[in-house]
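Using the sequences and the hints given, assemble the complete structure.
Here is how the chains run, residue by residue.
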Amino acid sequence: MNVIIQVKHLTKDFREVKAVDDLSFTVNAGVVYGFLGQNGAGKSTTIRMLLTLIRPTSGEIEIFGMNLLKHRKDILRQVGAIIERPDFYKYLTALENLRIFGAMSGIRIPEKKLMDQLAMVGLAERANSKVKTFSQGMKQRLGIATALVHDPGLIILDEPTNGLDPQGIADVRNLILLLSKERGKTLLISSHLLNEMELIANSMLIIDKGRKLVEGKVHELFDPAETIVELKTTDDTATYEKLQDSGLQKFVQGKRYDCVMLKLHRNDVPSVMKELVQMNVGIISFHSKHSLEDYFLSLTTGQTHVEAVKD
Amino acid sequence: MWKLLKIELFKIFKRPRTYIAFGAIAAIVFLIQVALRFDGKAYIDLLLNNLKDSFELSDEFKMRILNGYLICFLILNTLLIQMPLLVALISGDAIAGEANMGTLRLSMTKPVSRTQYMLIKFTASVVYTLALLLWMAALALFGSMLIFGTNDMVVLRSGGIEEMKSFDVLWRYFAAFGYAAVALTTVSALAFLLSVFAENSIGPIIATMSIVIVFTILSEMNIPIYDQTIKPYLFTTHMVAWKGFFYVKADAEGTTINGSIENLPAVMRSMGILVLYTIGFLSTAIWVFRRKDILS
Amino acid sequence: MVHGFFFITGKRLFNSIFVMALSLFLSRAGAGQTPTADSLISRVKAKLDKVNDYEAKGKMRTNVIFIKAPIANVKVFYKKPNKLRINNEGGISFIPKGSVNINLGNIFINTKGFDIIDLGKENGTNLRIIKLLPKDENADMVLSTLYIDETQALIKKARTTTKENGTYELEMTYGKYVDFGLADKVIFSFNTRDYKLPKGITFDYDDGSKKAEIPDTLKNRKGKVEISYSGYTINKGVPDSVFQ
Numbered sequence: 001m002n003v004i005i006q007v008k009h010l011t012k013d014f015r016e017v018k019a020v021d022d023l024s025f026t027v028n029a030g031v032v033y034g035f036l037g038q039n040g041a042g043k044s045t046t047i048r049m050l051l052t053l054i055r056p057t058s059g060e061i062e063i064f065g066m067n068l069l070k071h072r073k074d075i076l077r078q079v080g081a082i083i084e085r086p087d088f089y090k091y092l093t094a095l096e097n098l099r100i101f102g103a104m105s106g107i108r109i110p111e112k113k114l115m116d117q118l119a120m121v122g123l124a125e126r127a128n129s130k131v132k133t134f135s136q137g138m139k140q141r142l143g144i145a146t147a148l149v150h151d152p153g154l155i156i157l158d159e160p161t162n163g164l165d166p167q168g169i170a171d172v173r174n175l176i177l178l179l180s181k182e183r184g185k186t187l188l189i190s191s192h193l194l195n196e197m198e199l200i201a202n203s204m205l206i207i208d209k210g211r212k213l214v215e216g217k218v219h220e221l222f223d224p225a226e227t228i229v230e231l232k233t234t235d236d237t238a239t240y241e242k243l244q245d246s247g248l249q250k251f252v253q254g255k256r257y258d259c260v261m262l263k264l265h266r267n268d269v270p271s272v273m274k275e276l277v278q279m280n281v282g283i284i285s286f287h288s289k290h291s292l293e294d295y296f297l298s299l300t301t302g303q304t305h306v307e308a309v310k311d
Numbered sequence: 001m002w003k004l005l006k007i008e009l010f011k012i013f014k015r016p017r018t019y020i021a022f023g024a025i026a027a028i029v030f031l032i033q034v035a036l037r038f039d040g041k042a043y044i045d046l047l048l049n050n051l052k053d054s055f056e057l058s059d060e061f062k063m064r065i066l067n068g069y070l071i072c073f074l075i076l077n078t079l080l081i082q083m084p085l086l087v088a089l090i091s092g093d094a095i096a097g098e099a100n101m102g103t104l105r106l107s108m109t110k111p112v113s114r115t116q117y118m119l120i121k122f123t124a125s126v127v128y129t130l131a132l133l134l135w136m137a138a139l140a141l142f143g144s145m146l147i148f149g150t151n152d153m154v155v156l157r158s159g160g161i162e163e164m165k166s167f168d169v170l171w172r173y174f175a176a177f178g179y180a181a182v183a184l185t186t187v188s189a190l191a192f193l194l195s196v197f198a199e200n201s202i203g204p205i206i207a208t209m210s211i212v213i214v215f216t217i218l219s220e221m222n223i224p225i226y227d228q229t230i231k232p233y234l235f236t237t238h239m240v241a242w243k244g245f246f247y248v249k250a251d252a253e254g255t256t257i258n259g260s261i262e263n264l265p266a267v268m269r270s271m272g273i274l275v276l277y278t279i280g281f282l283s284t285a286i287w288v289f290r291r292k293d294i295l296s
Numbered sequence: 001m002v003h004g005f006f007f008i009t010g011k012r013l014f015n016s017i018f019v020m021a022l023s024l025f026l027s028r029a030g031a032g033q034t035p036t037a038d039s040l041i042s043r044v045k046a047k048l049d050k051v052n053d054y055e056a057k058g059k060m061r062t063n064v065i066f067i068k069a070p071i072a073n074v075k076v077f078y079k080k081p082n083k084l085r086i087n088n089e090g091g092i093s094f095i096p097k098g099s100v101n102i103n104l105g106n107i108f109i110n111t112k113g114f115d116i117i118d119l120g121k122e123n124g125t126n127l128r129i130i131k132l133l134p135k136d137e138n139a140d141m142v143l144s145t146l147y148i149d150e151t152q153a154l155i156k157k158a159r160t161t162t163k164e165n166g167t168y169e170l171e172m173t174y175g176k177y178v179d180f181g182l183a184d185k186v187i188f189s190f191n192t193r194d195y196k197l198p199k200g201i202t203f204d205y206d207d208g209s210k211k212a213e214i215p216d217t218l219k220n221r222k223g224k225v226e227i228s229y230s231g232y233t234i235n236k237g238v239p240d241s242v243f244q
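Protein chains in written order, with this note's numbering: chain X, 1 to 311; chain F, 1 to 296; chain E, 1 to 244.
FYI, nobody ran anything at the bench for these hints, they're computed from the structure. All values reported here derive from a predicted model rather than from experimental measurement. It cannot be assumed that every hint is accurate.
[As the list claims (entries may be wrong)] Here are the computed lysine to any residue pairs in the SDA-like style, where the Cα-Cα straight-line distance is at most 25 Å: (1) F:52 with E:198; (2) E:224 with F:6; (3) E:199 with F:6; (4) F:6 with X:116; (5) E:97 with F:6; (6) E:45 with E:142.
This is how it looks when you write it as C-alpha cells:
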C-alpha cells in the first residue's frame with residue numbers, strides 16, 4: 001500500500017507549551033483517515049504543520065514520498081485543505097473567491113470547472129453573491145469546493161462539518177465517501193466528534209495533549225468484543241493502587257476522579273469480577289460501555305492515560 | 001508571478017476601502033484649489049509680507065504668482081504629509097488584513113513560496129501607491145494647470161526665493177512625483193513590515209502613522225542635539241527631498257540657471273537613504289514572515 | 001527702436017539737428033575750459049527733455065541676495081513727467097520699489113529748483129561730480145549725486161537718497177540712444193530688507209549641507225536690477241492705461 005503521509009517524531013513547542021509531542025503516524029493511499037482529539041489536543045497544530053503553516057520544532061514530514069519542507073510547492077499543488085473555519089474575501093463573490101484560490105494552486109482552471117465545483121456543493125445559484133451574505137454552512141460548502149477545485153490527490157479537512165445543519169453534515173459525509181470510494185482520493189479529516197468518524201473513517205489516530213494515544217484501523221481499534229469498564233469502589237485510590245500490584249494490572253486503563261477505568265474482553269469479565277471480590281475491593285458499581293465514544297473518552301479523560309498507553 | 005500579481009491587484013481594486021484614498025485625495029485637492037481660487041491672494045500676501053516694502057507687489061503680480069504650478073506645489077506640501085495614511089491604509093492591511101479575514105492560512109497552503117507571496121503583496125501595494133500618485137498628479141498638477149493656468153514658478157523657502165521659468169517647471173514635477181513615489185514606497189514598506197506582526201489592520205495603520213508623525217515632528221523641529229545626531233537618519237527627513245527639484249542653482253549674479261538643481265547629489269543621497277530603508281523594511285518583513293507560524 | 005528714430009517728424013528732426021549741433025559746439029567749446037555746473041545740468045536736462053514717452057524692450061537680471069530669478073524679458077514704458085512701468089510680459093519678476101527712478105528725468109522734477117554743488121572731477125574717470133539738493137523741503141528726494149560725462153552731457157552714475165525709498169544708485173551705459181540720453185544698459189541698485197519666512201510655513205527640505213552663513217554686513221547689501229535694452233520706440237505715444 002502506498003504511503004501518502006509519513007510523520008516521524010513531530011514536535012512543536014510554543015514557548016513553554018508542547019502543542020505536539022513526538023507524534024508519528026502514517027496515512028496510506030485511498031483511506032479516509034480520522035484524526036481525533038479533544039479541542040486543544042494538538043490536531044490543528046499538526047494539520048498546520050502538514051500544510052507548512054507552522055514550522056515543526058523537530059521531526060519530519062513526508063507527503064507523497066517527498067520531504068515537505070524541501071518539496072513544498074510540488075506537494076502543496078496536490079493538496080486541498082480546509083483549516084478550521086473556511087474564511088474568504090467577504091467583499092468578493094463565491095466564484096471570484098474560488099477563481100482566486102484555484103489560480104493560486106498553480107494550475108489553470110477553466111470557468112466551467114469552477115461552476116461545476118460550485119454546483120457540486122450546491123452553490124451554483126449563489127455563484128455571484130458576495131461571500132459576506134453567506135451563512136456559516138454555505139461558507140463551509142464553498143470551503144470544500146475550494147479544497148477540491150484543483151483536483152488534489154490529498155484532501156485535508158479540519159472539522160469539515162462544523163456549523164452545518166444535519167442535512168449539511170449528511171451531505172459532507174456522502175461527499176467524503178464519494179471522493180474516497182469513487183475518485184480514489186486520500187482524505188485526512190480531523191474532528192472532535194467520534195461518532196461522526198465512526199461512520200466514514202477507515203483508519204484513525206487519536207491524540208491528546210499533543211501525544212499519540214492510539215493509531216490503527218477503526219475495526220481493529222474498536223473490537224465489539226472489547227469493553228470499557230467504569231469501576232466505582234468505596235476507595236478508588238486504594239483500589240487503583242491495589243490493582244497496579246495485582247494480576248489485573250494489564251486491564252487497568254486509568255483512573256478518573258470518580259472511578260477506575262478498565263479495558264477488557266467480554267470473556268474476561270467473570271474472572272476479573274471474581275478476582276476483585278477476592279481482593280476485597282468494595283465494589284459500588286461495575287459499568288461496562290461499548291461505543292467508540294466511550295473508548296475515546298476513556299482514553300482522553302483518564303488522568304494516568306499516558307502510562308496506560310505505554311502498555 | 002504576473003498571474004498572482006493580477007490576483008492581488010484584483011483584490012485591492014475590488015474593495016471599497018481602496019477608493020476612500022482616491023476620494024480623499026480628490027477632496028483635499030479640490031478643497032485647496034477652491035480655497036486658493038477665492039482666497040489665494042491673502043495667502044500670497046502672507047507669504048510675501050516682508051517683501052512688500054522692497055518690491056512692487058501689485059494684485060496682478062500676485063495672481064501671476066498664484067498659477068497652477070505654485071498651486072500644485074502647495075497641494076503637494078499639504079498632501080504628501082497626509083499621503084502616508086492613505087498608503088498605510090492598504091499596505092498595513094496587506095498581511096494583517098488577510099490574517100484577520102482568515103484567508104492568509106488558506107493562501108499559505110497554496111504552492112506559492114512565502115517570499116514570492118510577500119514580494120507580490122508588496123508590489124501590489126506599490127502599484128496602488130503609484131496609482132494614487134498618478135491620480136494626485138492628474139488632479140493637483142494638470143487640474144491646477146487647467147484652472148489657474150501656468151506661469152513662471154516662485155518657490156518660497158525660509159531663507160530665500162527660488163524663481164524658475166515656466167518652461168523649466170514641468171520636468172521638475174515629473175522628477176518630484178518620481179521622488180514622491182520612492183518616498184511613499186518607503187512608507188508602504190514600513191506599513192507592510194508592521195502588517196506582518198499584526199492580525200488586524202488597524203494596528204499597523206495606526207503604528208505607521210504614529211511613526212511617520214513622530215519622525216516628521218523630529219525632522220521639522222530645529223533642536224540642535226537632534227539636528228546632526230538622529231535627524232539625518234530619519235526617513236521622514238528625506239521624504240521632503242522632492243522639493244529639492246524646485247531649488248535651483250544661480251550664477252554669480254543671482255540669476256537662475258535654467259534646468260539646474262541646487263543640490264542634486266543631496267537629493268539623490270536622500271533618495272538612496274529611502275531606498276535603503278525600503279529594502280530594509282521589506283527584507284525584514286520577508287525574513288519575519290518566512291519564519292512566522294501562521295496561527296490566524 | 002531704430003525705425004522710430006528715422007521717422008522723426010520734420011520739426012523734431014530740426015530740433016534734434018539743432019541740439020546735436022549745439023552739443024557738438026558746446027563740447028568743442030568745453031574742450032578748453034570747464035563748463036559751469038549749471039550749464040552742464042541744463043544740457044543734460046535738455047537732452048532728457050526730448051523724450052516725451054518711450055516703450056522699450058529689454059532683458060532684466062535681478063540680483064538680490066535672497067532671490068534666484070531667471071533673466072526676464074521686460075517692456076519698460078515711460079511717459080512724462082514721471083510715469084514709468086516695468087512689465088514682465090510673459091512671466092514673473094520681482095520689481096523693486098523705486099524702480100520708477102530708472103528714469104533719470106525724475107531727478108530733475110522739482111518745482112522749486114535745486115541748490116547745485118560742484119565737486120569737480122572724479123579722479124581717474126574724468127567724470128564731473130555734481131550734487132543736487134532740492135530747494136523744496138517737501139520733495140521726496142533729499143540729495144542726488146550725479147557723475148556726468150561732460151563732453152556728451154550724459155549722466156553715467158547717480159546716487160540718490162529719498163525719504164520714501166532709501167538710497168538707490170543708477171549706473172548707465174550708453175549706445176545707440178545716446179542722443180536722447182537713454183541708456184542701453186541700466187543698473188539700478190537699491191536697499192532691500194532682510195528676508196525670512198518661518199520654516200513652519202515653508203516646510204523646507206534641509207539637504208544637510210551647511211549653509212554658508214550670510215555675514216551681517218551682506219545682509220543689508222543692496223539689491224541690483226540690470227536692464228539691457230534691445231531697442232526703444234521713442235515719442236510714439238504710450239497710453240496711460242499701461243501705468244495702472
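Hint check:
At roughly 17 Å between alpha-carbon atoms, residue 52 (chain F) and residue 198 (chain E) fall within 25 Å of each other, so this suggested pair holds. Restraint check for residue 224 (chain E) and residue 6 (chain F): not satisfied, since their Cα atoms lie roughly 60 Å apart, outside the 25 Å limit. Restraint check for residue 199 (chain E) and residue 6 (chain F): not satisfied, since their Cα atoms lie roughly 44 Å apart, outside the 25 Å limit. For the hint pairing residue 6 (chain F) with residue 116 (chain X), the CA-to-CA distance comes to about 24 Å; that is within 25 Å, so the pair holds.
In summary, the hint linking residue 97 (chain E) to residue 6 (chain F) is not supported, as the alpha carbons are separated by about 61 Å, beyond the 25 Å threshold. Pair hint residue 45 (chain E) plus residue 142 (chain E) holds up; C-alpha atoms about 19 Å apart against a cutoff of 25 Å.
Checked against the numbered hints given earlier, this structure breaks hints 2, 3, 5; the rest are met.
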